[in-house]
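Residue numbers (full-length UniProt numbering), protein chains in the order written: chain A, 1 to 335; chain B, 1 to 297.
Some hints here could point you the wrong way.
Said to hold, decoys possible - Listed next, the in silico DSS-like pairs over lysine-lysine satisfying Cα-Cα at most 25 Å (straight line): (1) B:Lys97 to B:Lys51; (2) B:Lys282 to A:Lys249; (3) B:Lys28 to B:Lys282; (4) A:Lys201 to A:Lys39; (5) B:Lys247 to B:Lys28; (6) A:Lys201 to B:Lys276; (7) B:Lys247 to A:Lys249; (8) A:Lys201 to B:Lys92; (9) B:Lys28 to A:Lys244; (10) A:Lys278 to A:Lys47; (11) B:Lys41 to B:Lys276; (12) B:Lys41 to B:Lys51; (13) A:Lys51 to A:Lys39; (14) B:Lys209 to A:Lys244; (15) A:Lys249 to B:Lys95; (16) A:Lys86 to A:Lys69; (17) B:Lys277 to A:Lys201; (18) B:Lys41 to A:Lys244; (19) A:Lys244 to B:Lys97.
The set of hints was computed from the structure by calculation and includes no laboratory data.
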Amino acid sequence: MEQRITVEITKRDKPELKKEEKQDRAPSGVSSNAISCTKCGTPIDLKDLEKNWFCCPQCDFHMPLSARKRIELLVDPGSFSEFGEKWTSTDPLNFFDLKSYQDRINDIRAETGVKEAMICGRATISDHPVVLCFMDFAFMGGSMGCVVGEKFVRAVDIAIEERRPLIVFTTSGGARMQEGILSLMQMAKTTCAVQRLETEKIPYISVLANPTTGGVLASFALQADVILAEPEALICFTGPRVIKQTIGKELPEGFGKAEFCLSHGQLDMIVSRKELRKVLTLYIDLLEGAVQCEYEEPEPAFRGLPKRGGKIIRGIREIKKVAFDAWRSLGRHGS
Amino acid sequence: MPGVHLDGMVAKIYKQIRELLSRTSPQKEAWRTVKLARHPKRPQTLDYIEKLFPRFNELKGDRRYGEDPAIVGGFAEFEHRTIMAIGHQKGKDTKDKIFRNFGMPNPEGYRKAVRLMRVAERYGLPIVTFIDTPGAYPGLEAEERGQGEAIAYCLGTMASLNVPTVAVLIGEGGSGGALALGLADRVLMLRNAFYSVISPEGCAAILWKDAKQATLAAEALKLTSEDLLRFRVIDEIIDEPRGGAHKHLDQVVRNLSGALSRHLQELEVLSTAELKKQRFAKYENMGREYINGLEES
Ligand SMILES: [Zn+2]
């Protein structure tokens with residue numbers, strides 16, 4: 001008999017996260033209306049926590065946020081229209097142990113209401129039309145399989161066709177083991193799509209939430225024009241447990257956290273959830289402004305196709321002026 | 001007593017059946033491949049470079065931080081043309097293995113590969129990569145210097161190149177650290193190499209909570225060349241005579257040389273635009289046939 005296997009790749013690495021997720025969804029027992037902050041221990045009323053986008057009101061510790069909640073947090077109300085919500089994996093490896101991969105997917109769906117590890121759609125943020133991809137850690141540790149890769153590629157197609165900036169929120173343990181080599185290939189697939197974005201000069205911003213590791217980090221998450229992260233998010237290619245095992249040494253305090261990555265030149269900015277919408281608006285403005293000011297080759301091969309809402313600009317001096325005016329008109333946001 | 005004799009016979013037959021079953025079961029087959037791919041005498045990148053190419057001039061360093069001997073690369077001659085050859089090198093004896101970090105690159109290894117690829121592109125040289133690594137090095141300094149970015153950058157570079165690329169899986173294809181050199185126009189694989197999203201031991205440690213169950217994990221992961229051809233992740237299997245590449249290096253080199261020649265010729269007639277179009281289509285289609293409901297939206 002063939003032994004059938006299945007598990008979430010990140011389960012062992014982040015037991016404390018699993019606990020929080022459960023609390024996020026279905027608090028039970030004595031603490032049915034309050035949970036205590038993972039970091040500072042302060043008891044927080046669930047309603048207050050939800051109002052505060054799952055950040056501790058005391059210490060601002062960022063707890064896991066579902067993709068649905070994140071949509072609510074970021075996009076203009078009612079503007080989100082999803083695509084690909086019915087796509088499901090056909091289980092190409094026929095992977096199972098105690099229950100099949102297919103059963104596991106069904107069970108997670110029933111338990112959490114989350115259908116895949118990534119939710120994608122069109123929306124507006126501060127009236128800017130954008131395409132968005134939101135990963136959800138509750139679905140098999142946010143792991144990337146064929147459906148996640150396909151959704152990302154479709155989001156890129158839409159971004160190019162409709163000239164909308166692409167914004168991606170990641171939280172992932174990496175590639176999905178249950179889809180084997182095909183999930184590894186999603187790194188190549190998403191990379192090719194990002195290359196098309198770059199050629200077409202479509203602004204691309206990624207926001208890394210806790211945790212972003214492995215194959216998702218080492219592909220589309222780190223290929224964006226601007227890379228933002230949430231405070232204290234774990235961001236590393238290899239998880240701390242494996243590294244500790246390999247080198248046989250204790251890791252320094254804060255290893256692999258967003259702050260560590262920022263100081264090592266791997267990120268642009270750490271943004272608190274409450275500031276995220278404002279900061280995203282700023283960078284969309286900046287990048288779109290830059291696209292509009294793109295220098296087109298002058299005569300005789302002048303092909304000055306105006307970008308969406310853009311202007312045809314002739315000459316370097318004019319580019320500089322328009323770009324500067326666009327930038328200055330944004331006012332001061334963020335930090 | 002005849003009864004005792006019969007019991008002995010039954011036990012012996014049972015043993016034979018068990019042996020036969022274990023020999024033919026796919027999980028043993030997958031594990032046998034893993035063992036062959038990691039065989040201490042298995043030929044490595046520099047062996048293939050020496051046998052395939054009459055000349056090879058190594059280039060070193062990433063010009064940013066250091067020189068990583070876990071990845072080697074340089075100009076090589078193949079059938080009267082200059083190419084760029086790049087590959088993981090695990091090392092032979094203990095000293096060499098330690099020097100080469102067992103073929104597990106640090107970020108500077110991938111950044112050296114990127115540099116060499118850009119040189120090749122500038123001068124219109126086709127690129128041939130050899131993949132043989134347990135994975136990218138899981139170290140503290142590797143993370144500090146951006147292991148994830150180095151792999152993402154190498155992948156992005158391979159996707160964007162204006163020259164033909166062929167990747168050859170010669171031994172161990174360990175996850176993202178292997179794929180970083182594998183986003184090529186054509187992917188060839190030696191029969192006894194394996195390519196996997198995670199090592200069988202790593203998978204077993206997570207799934208069975210026991211790294212010793214790697215045999216079962218190896219089977220479940222579908223990591224053999226036959227599996228990968230079926231999933232259309234690779235384009236062609238390069239045959240190894242029975243016993244494996246380490247016993248028949250010259251034959252394997254002949255097989256590989258023929259396939260390399262054929263694939264390079266097919267790619268070299270394509271325009272840059274066509275080359276990239278086919279490359280993007282190849283990778284962006286991967287896995288699409290294993291999704292239900294695509295036609296609906
Ligand atoms: Zn707190």
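The hints, checked one at a time:
With a C-alpha separation of about 21 Å, the suggested pair Lys97 of chain B and Lys51 of chain B falls inside the 25 Å cut-off, and the hint holds. With a C-alpha separation of about 42 Å, the suggested pairing of Lys282 of chain B with Lys249 of chain A is violated against the 25 Å cut-off. The suggested pairing of Lys28 of chain B with Lys282 of chain B is violated, with an alpha-carbon distance near 32 Å, which exceeds 25 Å. With a CA separation close to 41 Å, the supplied pair Lys201 of chain A and Lys39 of chain A exceeds the 25 Å bound.
About 21 Å separates the Cα atoms of Lys247 of chain B and Lys28 of chain B, which keeps this hinted pair within 25 Å; it holds. For the given pair, Lys201 of chain A sits about 17 Å from Lys276 of chain B by alpha-carbon distance, which is consistent with the 25 Å threshold. Of the pairs offered as hints, the one joining Lys247 of chain B and Lys249 of chain A is violated, with about 40 Å between alpha carbons and a cut-off of 25 Å exceeded. Taking the CA atoms of Lys201 of chain A and Lys92 of chain B, the gap is near 46 Å; set against the 25 Å cutoff, the hint is violated.
With a CA separation close to 31 Å, the supplied pair Lys28 of chain B and Lys244 of chain A exceeds the 25 Å bound. With a C-alpha separation of about 24 Å, the suggested pairing of Lys278 of chain A with Lys47 of chain A holds against the 25 Å cut-off. A C-alpha spacing of about 37 Å is found between Lys41 of chain B and Lys276 of chain B, which places the hinted pair above 25 Å, so the restraint is violated. At most 25 Å may separate the alpha-carbon atoms for a hinted pair to count; Lys41 of chain B and Lys51 of chain B meet this at roughly 16 Å.
With a CA separation close to 19 Å, the supplied pair Lys51 of chain A and Lys39 of chain A stays within the 25 Å bound. For a cut-off of 25 Å, the pair hint linking Lys209 of chain B to Lys244 of chain A stands: about 18 Å separates their Cα positions. At most 25 Å may separate the alpha-carbon atoms for a hinted pair to count; Lys249 of chain A and Lys95 of chain B meet this at roughly 23 Å. Among the hinted pairs, Lys86 of chain A with Lys69 of chain A is consistent with the structure: their alpha-carbon atoms are about 20 Å apart, no more than 25 Å.
Of the supplied pair hints, the one linking Lys277 of chain B and Lys201 of chain A holds, its CA atoms being roughly 18 Å apart against a limit of 25 Å. For the given pair, Lys41 of chain B sits about 30 Å from Lys244 of chain A by alpha-carbon distance, which is inconsistent with the 25 Å threshold. Of the pairs offered as hints, the one joining Lys244 of chain A and Lys97 of chain B holds, with about 21 Å between alpha carbons and a cut-off of 25 Å not exceeded.
Checked against the numbered hints given earlier, the structure breaks hints 2, 3, 4, 7, 8, 9, 11, 18 and satisfies all the rest.
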